[in-house]
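Protein chains: 2
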Amino acid sequence: MSTGTSINLKVEKTKNSKLSQIDFNNLPFGQTFSDHMFVCDYKDGKWQTPQIIPYQNISLDPAAKIFHYGQSVFEGMKAYKDDQDQIWLFRPLENQKRINISSERLAMPAFPKNYFMEGLETLLKIDKEWIPQTPGSSLYIRPFIFATGVGFHASPADEYKFIIACAPSGPYFSGNVKVLIEEKYSRSANGGVGFAKAGGNYAGQFYPTELAVKKGYHQVIWTDDNTHEYIEEAGAMNIFVRIGDTLITSPTSDRILDGVTRKSILDIAKDENIPVEVRKFTVTELVEASKNGTLKEMFGAGTAAVVSPISLFGHKGENYELPEIENSYASRFKKRITDIQYNRAEDKFGWRYLVK
Amino acid sequence: MSTGTSINLKVEKTKNSKLSQIDFNNLPFGQTFSDHMFVCDYKDGKWQTPQIIPYQNISLDPAAKIFHYGQSVFEGMKAYKDDQDQIWLFRPLENQKRINISSERLAMPAFPKNYFMEGLETLLKIDKEWIPQTPGSSLYIRPFIFATGVGFHASPADEYKFIIACAPSGPYFSGNVKVLIEEKYSRSANGGVGFAKAGGNYAGQFYPTELAVKKGYHQVIWTDDNTHEYIEEAGAMNIFVRIGDTLITSPTSDRILDGVTRKSILDIAKDENIPVEVRKFTVTELVEASKNGTLKEMFGAGTAAVVSPISLFGHKGENYELPEIENSYASRFKKRITDIQYNRAEDKFGWRYLVK
Ligand SMILES: Cc1ncc(COP(=O)(O)O)c(C=O)c1O
Ligand SMILES: Cc1ncc(COP(=O)(O)O)c(C=O)c1O
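Protein chains in written order, with the working numbering: chain W, 235 to 590; chain P, 235 to 590.
To be clear, the hints were calculated from the coordinates, so they are not data collected in a lab.
Any given hint could be a false lead.
Claimed, not checked - Here are a few chain P residues that sit away from chain W, every Cβ distance over 10 Å (derived from the structure): (1) Phe267; (2) Asp275; (3) Tyr289; (4) Ser293; (5) Gln318; (6) Thr356; (7) Phe378; (8) Asp505; (9) Glu511; (10) Glu522; (11) Glu531; (12) Ser545; (13) Gly551; (14) Ser565; (15) Phe583.
Unchecked claim - Here are the computed lysine-lysine pairs in the DSS-like style, where the Cα-Cα straight-line distance is at most 27 Å: (16) P:Lys331 - P:Lys514; (17) P:Lys418 - P:Lys550; (18) P:Lys331 - P:Lys347; (19) P:Lys331 - W:Lys448; (20) W:Lys331 - P:Lys418; (21) P:Lys514 - P:Lys504; (22) P:Lys418 - W:Lys449; (23) W:Lys418 - P:Lys514; (24) W:Lys497 - W:Lys449; (25) W:Lys590 - W:Lys331; (26) P:Lys280 - W:Lys448; (27) P:Lys582 - P:Lys497; (28) W:Lys418 - P:Lys525; (29) W:Lys277 - P:Lys252.
Positions of the beta carbon are idealized from the N, C-alpha and C atoms, including for glycine.
Throw the hints in and build the complete structure from the sequences for me.
Structure follows, in structure tokens:
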């Protein structure tokens with residue numbers, strides 16, 4: 235175990251592995267789950283003994299506050315396996331920190347770092363065979379916390395459950411992504427919970443996204459709720475554009491998730507001497523750049539989607555195509571990040587984390 | 235049964251009633267639950283056979299989307315019992331309609347009206363003894379729907395569960411309410427889900443409310459997320475103020491819940507020839523009215539809180555006290571509404587609904 239003091243982790247292994255049922259060459263995203271899960275309950279004001287148990291249903295009182303008041307936060311991480319069968323994580327402490335930032339905003343208790351890391355690493359070693367080695371695949375890891383305490387009073391719960399579950403997964407998107415820049419609906423408010431990975435942020439995006447999908451797009455790009463002029467982020471990705479040779483992304487704020495992939499791309503860009511501007515930018519600017527030919531690239535960045543090139547954006551009934559670019563920034567960033575993740579290249583940033 | 239075509243409702247009664255354990259003279263709000271619940275599952279694209287079963291735990295896959303993406307909506311209603319042991323509801327069709335408005339915004343399937351009404355009425359008749367007759371008490375009714383379908387892909391679930399659970403309850407607030415007008419945090423965005431009774435809207439309010447409670451207030455009054463100048467609503471109540479003799483409340487919008495109590499108060503005010511203005515109003519206006527003595531009343535209105543007078547509001551480090559008023563609007567509205575609810579007075583609006 236590589237972090238912190240050892241915790242009193244109880245382990246109960248499954249007698250019926252589902253591993254043989256999985257087709258690793260044909261993995262959907264996040265639809266099949268590994269044999270075990272890490273579970274820890276919060277009650278009487280503290281986190282109780284953590285456990286690793288066979289993946290199984292959870293039994294909850296119908297008055298548990300998760301059903302009523304949306305008290306839940308989550309993280310998204312991936313485990314990668316290299317040629318020597320070693321297990322790697324990518325900047326896991328960023329996720330460990332971020333889940334507590336999310337929890338604080340939702341009035342939920344922080345989860346201790348050593349519980350998080352030791353629980354995660356032990357789980358990965360037990361479910362090691364579930365980490366795919368097929369190209370583009372990985373083990374998607376989902377830490378999450380939700381309110382189990384009961385009551386119809388609209389106030390924070392007094393009991394919670396922390397779980398880590400894992401799903402061997404293929405790519406999140408198949409192919410290039412077409413996006414619609416949103417003009418009516420919004421993802422988050424100033425002073426709201428947009429910067430947190432709170433469950434409720436996602437449910438609110440489904441309906442506008444379904445409307446966009448009906449029009450032939452894959453994703454919505456969220457804009458500020460006041461003017462719908464400023465480009466913010468996508469459902470599960472931060473957004474970058476390249477105008478001329480300059481890489482532009484919006485600063486994070488209380489409306490925008492501080493993505494690990496975004497942060498990493500900014501560091502790589504600096505390392506590669508790519509000119510970067512972290513600043514607010516508008517739809518108008520994008521449309522103009524598209525019209526005068528300076529808009530070279532647009533891509534999303536996130537753990538699930540890695541780096542996903544955008545081929546087209548729609549706005550006010552018009553579609554704007556992105557050109558096809560040789561040696562694009564998106565392809566360069568994707569290669570550098572995944573080479574680090576799968577232990578195929580030097581890791582000068584110290585982002586790779588060996589589970590041993 | 236008073237509504238629609240009859241549904242194929244299965245009923246299984248409890249063998250162990252918890253009724254004798256309840257102290258009806260000492261009821262908290264929403265903390266003890268009646269013997270039965272109404273349950274209906276959505277799968278394969280349709281709602282399955284509804285059931286009434288003993289109140290019991292629910293078993294869910296850890297990947298059920300309720301835990302991850304906050305897909306849940308709810309309603310809040312009350313059942314009242316009169317001197318002749320008759321059961322009454324207050325404008326139940328408003329809640330039946332509203333839950334479907336909420337569901338649509340969260341990309342969840344509508345729940346059929348006849349299922350809702352027949353399920354609710356049958357449940358109330360079975361759990362009739364759970365409806366308190368002690369003054370100020372009622373049976374709080376909680377219809378709710380949440381995503382049971384599984385997967386870590388951020389998209390709507392394919393399976394849902396609809397439940398109605400009930401809690402014999404005393405008053406939501408004890409005594410007058412002190413509120414803090416929010417200057418930093420927000421409840422909802424333009425184009426967001428604020429008008430829906432979506433679980434996630436409530437979790438986001440807990441942290442700012444806890445900060446306000448630490449400063450000695452009970453509730454936060456939400457303002458618009460852009461300027462924090464316009465008064466919107468409270469956590470579970472719409473807000474009214476009285477300046478001079480004029481009753482003022484904010485218009486509903488996509489940020490504000492269209493409350494049944496609010497609507498009813500507007501009708502009663504009209505009936506009583508009280509001058510009403512439904513318009514946006516600002517904190518500045520309130521502060522000025524407080525300073526020049528024209529701010530006479532401020533109160534919250536909601537099913538749980540009924541009509542709750544506000545005794546003080548805080549803003550930018552100052553506290554503003556509301557005067558004590560004889561024959562206040564709040565007390566008049568509260569009396570008229572509760573007299574209708576408990577079948578103590580004429581119901582000229584046709585709001586009362588007999589469960590027979
Ligand atoms: C709303 C949102 N934005 C951005 C991201 C990307 O963040 P990260 O790179 O840390 O996965 C995610 C997904 O994690 C997200 O949910
Ligand atoms: C946010 C919010 N506003 C207002 C209300 C009041 O609405 P109603 O009068 O329909 O209960 C509620 C509670 O139901 C609420 O949750």
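Could you check that no beta carbon of chain W comes within 10 Å of the beta carbon of serine 565 of chain P?
Answer for serine 565 of chain P: holds, closest chain W Cβ roughly 24 Å.
Would you check whether the claim that aspartate 275 of chain P is not at the interface survives, using Cβ distances to chain W and the 10 Å cut-off?
holds (13 Å)
Next pair to validate is lysine 280 of chain P with lysine 448 of chain W; report whether the Cα-Cα distance is within 27 Å.
holds (21 Å)
Compare the distance between the alpha carbons of lysine 418 of chain P and lysine 449 of chain W with 27 Å, and conclude whether the hinted pair is satisfied.
violated (37 Å)
Run the C-beta distances from glutamate 522 of chain P to all of chain W and say if the shortest one exceeds 10 Å.
Fine: 24 Å to the nearest Cβ keeps glutamate 522 of chain P off the interface.
Given the hint that lysine 331 of chain W pairs with lysine 418 of chain P, test it: the Cα-Cα distance must not exceed 27 Å.
Since the Cα atoms of lysine 331 of chain W and lysine 418 of chain P sit roughly 24 Å apart, the hinted pair holds (cutoff 27 Å).
Straight-line Cα separation of lysine 277 of chain W and lysine 252 of chain P no greater than 27 Å?
With a Cα-Cα distance of about 25 Å, the restraint between lysine 277 of chain W and lysine 252 of chain P holds, given a limit of 27 Å.
Starting from lysine 582 of chain P, check that the Cα of lysine 497 of chain P is at most 27 Å away, please.
OK: lysine 582 of chain P and lysine 497 of chain P at ~15 Å, within 27 Å.
Is lysine 331 of chain P within 27 Å of lysine 448 of chain W, Cα to Cα?
holds (25 Å)
For the pair supplied as a hint, lysine 514 of chain P and lysine 504 of chain P, is the alpha-carbon distance within the 27 Å limit?
holds (19 Å)
Chain W versus phenylalanine 378 of chain P - minimum CB to CB distance exceeding 10 Å, so not interface:
It is violated; phenylalanine 378 of chain P is separated from chain W by about 6 Å at its closest Cβ, not greater than 10 Å.
Going by Cβ atoms, does serine 545 of chain P stay more than 10 Å from chain W at every point?
Check passes; 20 Å lies beyond 10 Å.
In summary, the structure is inconsistent with hints 1, 3, 4, 7, 22, 24, 28 from the numbered list given earlier, while agreeing with the others.
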